[in-house]
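Number of protein chains: 2
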Amino acid sequence: MTTVSILGTGNMGPAIAGLVQKGGHTVQLLGSNDTDHSVTGDIVVLAVPYPAVSQILAERGEQLEGRIVVDITNPLNFETFDSLTVPADSSAAAEIAAAMPNAKVLKAFNTNFAATLASGTVADQPTTVLIAGDDAEAKSQLSGVVTAAGLRALDAGALSRARELEGIGFLAITLAAGEKIGWTGGFAVQS
Amino acid sequence: MTTVSILGTGNMGPAIAGLVQKGGHTVQLLGSNDTDHSVTGDIVVLAVPYPAVSQILAERGEQLEGRIVVDITNPLNFETFDSLTVPADSSAAAEIAAAMPNAKVLKAFNTNFAATLASGTVADQPTTVLIAGDDAEAKSQLSGVVTAAGLRALDAGALSRARELEGIGFLAITLAAGEKIGWTGGFAVQS
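Heads up: the protein sequence lines correspond to chains A and B, in order.
Our numbering applies: residue 236 is where the first sequence begins, and numbers increase by one.
Our numbering applies: residue 236 is where the second sequence begins, and numbers increase by one.
None of the hints are false.
Note that identical chains are pooled: a pair holds if it fits in a single copy or bridges any two copies.
No farther apart than 20 Å at their CA atoms in a straight line, the calculated lysine to aspartate or glutamate pairs in the DMTMM-like style are these: (1) K415 with D369; (2) K415 with D370; (3) K415 with E372; (4) K415 with D317; (5) K257 with D277; (6) K415 with D390.
No lab work stands behind these hints: they were computed from the structure.
Chain A on its own, in the form it takes in the complex (with noise of 0.2 Å):
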């Protein structure tokens, strides 16, 4: 049994507390008002916004050192939906990493749309979280819970791969939001 702690209680958050407690896991859901309760999972998931994360990180820091620690975000520039707000060489992920030694950074759900999630569909196909990160047990413990809810969990190699993971959020928000495709599709991996 894995104790995930969500933080976050927007799009994102709820729809992850969902896929954990369907593969029989155990969640601990934060919001943004639950300072005074401390993190108890396993693997921490930072549902939130991009630019809400380095308050999460002063305010929590110590609580997720050693823990997995799990980055969904997709750091558009929303007011150009035109760019990402992080180095071009680097990712949200990467920068969050370095914020955190001790924790075991991976980048995933941030090609999932929340829908997806929830339904474990991608219109009619499986859903597919793709996990990148450098600790292989965090990985495989997080695909666990992904795989326990009946979705498809798949390796995308090592923490530098975030930046093509964000590069594929991008696309897919940038695709939604035009009407291209609808908030319940977006990309289904196929083998």
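For chain A, the structure is supplied; the task is to place chain B on it using the hints.
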């Protein structure tokens, strides 16, 4: 009727040639020994590895002026499989467009494996060709060639989105090279 000139007879060139013919359009397929044949197509597909593009531009630059030029490359560092060889804030397509200001440069086909262009399916899902570019009419014309062959085409936005498309191509290649997916699979775009 559109004539499509395809420069490159490797893996992708013939697959794109087959697609064009399937849709009832005309193909001119040129290899590296065909430098005495001038390009005649309304659309010219640079179906060569990225390092070979500069030589084509040197040899055929004048012939390409005013035409729709399609960059299909994924400029991977094939020694490390860990980075692209273009600057992080740029893309192969942006570099090509800068070198050919009088051509209408599009990015397309780089997120599709050759087999999925030939079959029209990514595993059992329809193949979608993502097309980025700054010239709406050029995108529309290429889109027409793709859809005439029974595949889907999707406008992925401005040529600046080539950076994200190259990230998708990069990730798809590393997944297939790592045997996480097959070369008949990849990313299916679900609407």
